[in-house]
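Enquirer: What follows is the residue order along each chain.
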Amino acid sequence: MIISIASGKGGTGKTTVATNLAMAIGSDVQLLDCDVEEPNSHLFINPVFEKTITVTTPVPEVDEKKCNLCGKCDEICQFKAIIVIADITVMTFPELCHSCGGCEMVCPENAIKETNRELGIIQKGYRNGIEFVHGKLRVGEAMSPPLIVKVRSFTKPDKFTIIDAPPGTSCPVIASMKNTDFILLVTEPTPFGLHDLKLAVGAVKMLNIPCGLVINRSDVGDNKVKDFAKKENVPVLLEIPFDRNIAEAYSRGDAIVEKLPGFKETFLTLYNDIRKIVS
Amino acid sequence: MKELIIISGKGGTGKTSLMAAFAYLAENKVLCDADVDAADLHLVTAPDILEKHDFQGGNTAIINKDKCTECGLCIDLCKWEAISETFEVNSIECEGCGVCVYFCPEKAIDFPLNTCGEWYISDTRFGPLVHARLGIAEENSGRLVSLVRNEAKKLAEEKGLDLILTDGPPGIGCPVIASIGGADAVLVVTEPSVSGKHDMQRVVQLANHFKVPAFLCVNKFDLNKDITDEIEKFAKEKGLTCLGYIPFDQIFTKAMVQGQTIFEYDSDSATGQAIRKIWGSLLTHLRADMSA
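From first to last, the protein sequence lines stand for chains A and B.
So in our numbering the end of the first sequence lands on 302, straight run, no missing numbers.
So in our numbering the end of the second sequence lands on 320, straight run, no missing numbers.
Treat the hints with caution; some may be incorrect.
Looking from chain A toward chain B, a few residues come up when the C-beta cut is under 10 Å (computed) [to be verified]:
no.	residue
1	30
2	60
3	148
4	167
5	225
Worth flagging that the hints you see were computed from the coordinates, not collected in a lab.
C-beta: ideal position from N, C-alpha, C; glycine also.
Chain A on its own, in the form it takes in the complex:
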């Protein structure tokens, strides 16, 4: 079973829920941190990393001896990553390339071959019964979805897989939510939390995946998040009231299931509730 933990708004507690859920389950569980721009789960899991892989994406390289500046590559490229200035030169902009392969396919002179652009790295490690994988986007790299897809390729079908998704609702979030069995949305009961939750629920409905809600800092703000959840038939699976001890534990990188009483049971109940909904 694969579940994705998402939110719309950042800083609502996705990583707290993802890491504590993984630690509460404790065995036969995978945690994939797909927030590759700002991965944080490792700061709470403290895995022993045993493998680091560099992930690249193919980009074109032009053999100027073979190129006759026909301009077909410029014509097919939708991303302005290869430009031909008539009769003068051909230029590539690898950072704009989406790796569709169009230029190489269309070149009549076979003048284009693949070279690589580094997207970032993937690290894999363990802590007790948790298998941990995360991606780290190279600083300066714009495209995170291909790295997210690569992190997700580590999914093992016989395990319970938890995905920590990035904030927002655009392409990196969709890459982290699609083809999962369940999406757990984490929000806070504030106007910003509600506004971004509505966007996240919109994305979940578009993907047609069952979802549930965790309301973090549930006693701050107002009741509008609960009203919205009721109206949209999104079950509220867990409410975590504001507690300075939780905020402080989080700030230190401590797991609340380990440091604060009762939370291990709370997260195991959440796990069982999700299993019930999915089956």
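Knowing the structure of chain A, use the given hints to seat chain B on it.
Expert: Relative to the frame of chain A, chain B by itself:
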């Protein structure tokens, strides 16, 4: 004219609440919300929309079943596995690369331009605001960010305003790169947590990568004073100016619920004083830079 972008790396450190507080304090400015994926600034600024425009970005392939002979070439060529065995294009998967359109022997694939969001010019009680909404699950957030930044610049020129204050998105990827490129300065809002610090370091690295001067401020500084000290030490090592420290205060949430900035909610809170100091110091730095 100066353009300042507020970013954080990590989400939820208080970018938008701080931005709203600055909107209250700043004069002669255009406001800009570049967090087009999950824009929240309008929830505090309550804009009157004066202009509304469609945002078109990228194309999506659509197979014309009348012309398609089901040869399967498009399925073989598509790197995104966006075309099904029944020759339907999944618009969420389609990258808009146009390879299938180009090579289809029957010319059976249309490639219309997407309308994937809207952008607005609005009036608020703090002055003009340029903002946008990217459609759910849409791509091209970077292009929409560049567009709103350009429109904010045009508006500032037209109205003779000398400051653009921009609320940036979280992360370090495409929309953040589009938000900070060529800006005069970024203000990184961080918090003293292991994750806040980790993400701040990556976003400072990004600002350095694109050669944009960065300033720092620490929100919720009293939540974990050890990490606040570590952040201060990091700033010193990197030659970053830390402009100030804001206490962990529920006033932000209370003001937000009322649709107010913290100054409107309480005109002289201690937290408000801390923010006034940060703003004053930021202006001094921007002006010094201006005369240099």
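Enquirer: Hint by hint, note whether the structure agrees.
Expert: Going down the list of hints, with the structure as the test:
1. Checking residue 30 of chain A against chain B by beta carbon gives a least distance of about 8 Å; that is within 10 Å, so the hint holds.
2. Interface restraint check for residue 60 of chain A: the shortest CB-CB distance to chain B comes to about 4 Å, inside 10 Å, so the restraint holds.
3. A hinted interface residue such as residue 148 of chain A counts as satisfied when its beta carbon comes closer than 10 Å to some beta carbon of chain B; here the least separation is about 17 Å, so the hint is violated.
4. Proximity of residue 167 of chain A to chain B holds as hinted, the smallest CB-CB distance being about 5 Å (cut-off 10 Å).
5. Of the supplied interface hints, the one on residue 225 of chain A holds, with its beta-carbon coming within about 5 Å of a beta-carbon of chain B, less than 10 Å.
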